[in-house]
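Visitor: Just so you know, the protein sequences line up as chains C and D, in that order.
Number 178 in the numbering used here belongs to position 178 of the first sequence; there are no gaps in the numbering.
Number 56 in the numbering used here belongs to position 56 of the second sequence; there are no gaps in the numbering.
You may find that some hints are simply not true.
Copies of the same chain look alike in the list, so a pair counts if it fits in one copy or across any two.
[Unchecked claim] Computed list of lysine to aspartate or glutamate pairs in DMTMM-like fashion (alpha-carbon distance at most 20 Å, straight line):
1. LYS299 to GLU173
2. LYS251 to GLU274
3. LYS303 to GLU340
4. LYS299 to ASP164
5. LYS132 to ASP329
6. LYS303 to GLU133
7. LYS231 to ASP182
8. LYS299 to GLU19
9. LYS303 to GLU19
10. LYS197 to GLU133
11. LYS231 to GLU87
12. LYS303 to GLU53
13. LYS131 to GLU274
14. LYS251 to GLU19
15. LYS251 to GLU87
16. LYS131 to ASP164
To be clear, the hints were calculated from the coordinates, so they are not data collected in a lab.
Note that the coordinates shown come from a computational prediction; the quantities given were computed from them, not determined experimentally.
2 protein chains.
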Amino acid sequence: MSIHKNDLLLKALRGDTVERPPVWMMRQAGRYLPDYIRLREQYDFFTRCRTPELATAITLQPVDQVGVDAAIIFSDILVIPQAMGMEVLMEEGRGPLLPATIRTQADIDALISTGAEESLNYVLEALTLTKKELNGRVPLIGFAGAPWTILCYMVEGRGSKTWDRAKQFAYTEPALAHQLLDKITLITIDYLKAQVKAGADTVQVFDSWAGSLSPADFSRFAQPYLFRIAKALQPEAPVILFPKGSWYALKDISESAASGVGIDWCISPRVARELTGNKITLQGNFDPAKLLAPIPEIKRSVKEMIDEFGPQRYIVNLGHGITPNVPVDHARAFVDAVKEYSS
Amino acid sequence: MSIHKNDLLLKALRGDTVERPPVWMMRQAGRYLPDYIRLREQYDFFTRCRTPELATAITLQPVDQVGVDAAIIFSDILVIPQAMGMEVLMEEGRGPLLPATIRTQADIDALISTGAEESLNYVLEALTLTKKELNGRVPLIGFAGAPWTILCYMVEGRGSKTWDRAKQFAYTEPALAHQLLDKITLITIDYLKAQVKAGADTVQVFDSWAGSLSPADFSRFAQPYLFRIAKALQPEAPVILFPKGSWYALKDISESAASGVGIDWCISPRVARELTGNKITLQGNFDPAKLLAPIPEIKRSVKEMIDEFGPQRYIVNLGHGITPNVPVDHARAFVDAVKEYSS
Chain C
1 MSIHKNDLLL KALRGDTVER PPVWMMRQAG RYLPDYIRLR EQYDFFTRCR TPELATAITL
61 QPVDQVGVDA AIIFSDILVI PQAMGMEVLM EEGRGPLLPA TIRTQADIDA LISTGAEESL
121 NYVLEALTLT KKELNGRVPL IGFAGAPWTI LCYMVEGRGS KTWDRAKQFA YTEPALAHQL
181 LDKITLITID YLKAQVKAGA DTVQVFDSWA GSLSPADFSR FAQPYLFRIA KALQPEAPVI
241 LFPKGSWYAL KDISESAASG VGIDWCISPR VARELTGNKI TLQGNFDPAK LLAPIPEIKR
301 SVKEMIDEFG PQRYIVNLGH GITPNVPVDH ARAFVDAVKE YSS
Chain D
1 MSIHKNDLLL KALRGDTVER PPVWMMRQAG RYLPDYIRLR EQYDFFTRCR TPELATAITL
61 QPVDQVGVDA AIIFSDILVI PQAMGMEVLM EEGRGPLLPA TIRTQADIDA LISTGAEESL
121 NYVLEALTLT KKELNGRVPL IGFAGAPWTI LCYMVEGRGS KTWDRAKQFA YTEPALAHQL
181 LDKITLITID YLKAQVKAGA DTVQVFDSWA GSLSPADFSR FAQPYLFRIA KALQPEAPVI
241 LFPKGSWYAL KDISESAASG VGIDWCISPR VARELTGNKI TLQGNFDPAK LLAPIPEIKR
301 SVKEMIDEFG PQRYIVNLGH GITPNVPVDH ARAFVDAVKE YSS
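Chain C on its own, in the form it takes in the complex (with noise of 0.2 Å):
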């Protein structure tokens, strides 16, 4: 374990008491600031993820120029199904491409489930050399996908609004579906385990397509799987879990081998804190929309939300990612929110 000189993230995540509660926001490192779109015009999507210069840089921008009290390793959820043997087309501005999508159990067979960390050496660089260069002012986030989420790729082989086709394939063919998740699940604990041994801190999982489960598809699909990971991290780092819009997983959550896990604005602090008692720290959930009100609305509501989550336990983000059309000096704001925060 490395000594940080602000480690409000690890506090909160074992449940220690802080002075503040620590932020920072999913998509930090991102298109609404102005140094990270100068790169991207420069090199393409995945030269910047699998050059560790340019992921380190990218990585340290939000902590330089916004204050965040958490870097989060810049990489991509879609690292897992390549490192399993699918081609993953980033077109800039159109979202991913999966050509050749998962149907059959022939399919399922011949992708990779080992070897995590030669194939995914290059975040692991970006990792060591981030953390390196972090030179102990924050902790280091990790991440990969959950394995509803990969599966949703793999199968509908892009974005969706409505997940019809992944959706059918794990209605139709239960069987195969989980033959799938469970081979993502054991290379993304491989991933995670030495994303953790590379340098960071804690790992997040991402559910982003969770929300589109119903609860009973959600305890079929989606939370077996993210418990397995949770548990198989726990001994090694903190493990948060953001399964979006499965308010309705929260009990079972807080009941896991999970410290922390995110939430989206769709459910209010009290009641979320009535879920998860004391069991488990919360990290959200601001409306990312509410960044685009003027900056004294955006402070108020931060502390609005800080008094209602109550400073403990507690990690200040977004409930979602930080989209594109944020001014930095909004973004800014939310954290120096945090920051002035008194209760």
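Once you have looked at the hints, place chain D on chain C.
Guide: Frame of chain C; chain D shown alone:
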């Protein structure tokens, strides 16, 4: 009040005991039906909406071909912005476009909030003609968009995943937003009352983008207007509210003037009943993607869903609109499973 051979829907809305729950599907008159596609190839969207004979023919298709227990008039929620004086373009497969969006006090002042009975006379004619053609077979549902959802389109100008601009407008200029919501509410009440006079037995209010709001913002920008509409219509016809995604408001909604509330599949029947008690009729909440599963799986899931809701104070429906890729015999299996239901 007209007399129906099949009045299951109205009985369920009144809370009367039924032999089995009624069933209909959102977007039941739509692209999964080959006869609809044929009409769509001949006539553009607004011609279909504005020609009472065409709207009636489309409205009757799922009654005749799928056997649903209610007809819902073929129309669109964006007829209200049109009636208020805005240009609305509808390009097939591309979603709506409102070129001149609402931004300022002057924009709002220029909007018309009266005269729906004249400007939307074509919908009323379609209702009257459909009513005649139905000849009492099943009840006829009228509908409108909810004020918040209509504001979303008026301010954003097109569909959106995040409704950033609409929300920025509401968060930055709340007084203007409330003025706009008020004007939409006024004309919507007139329009729905006229629909009832023209033949609608009940009306549904679609708040498709309610779920983009936090509980606090829903209670500011959506709920008061939904409740005003329900209260204004209650003496004339039962009202079904469908604030998609806003599970957190279910308790309040159960205490409103509405007779029914639609819910999506991201809440279990048990929790929805717990939140609403026996004070309101629940409608929903089959995952539309499950209609892509094999027929025996559809039938099994429908039976399980009815068992969980219980057959009284319940209207079987999807949790969102039926998608174009559903085979007609799967839609029919969904309806048949309800008709075959015995607890």
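Visitor: Could you work out which of the previously given hints the structure breaks and list their numbers from low to high?
Guide: Violated: hints 5, 6, 11, 12, 13, 14, 15 and 16.
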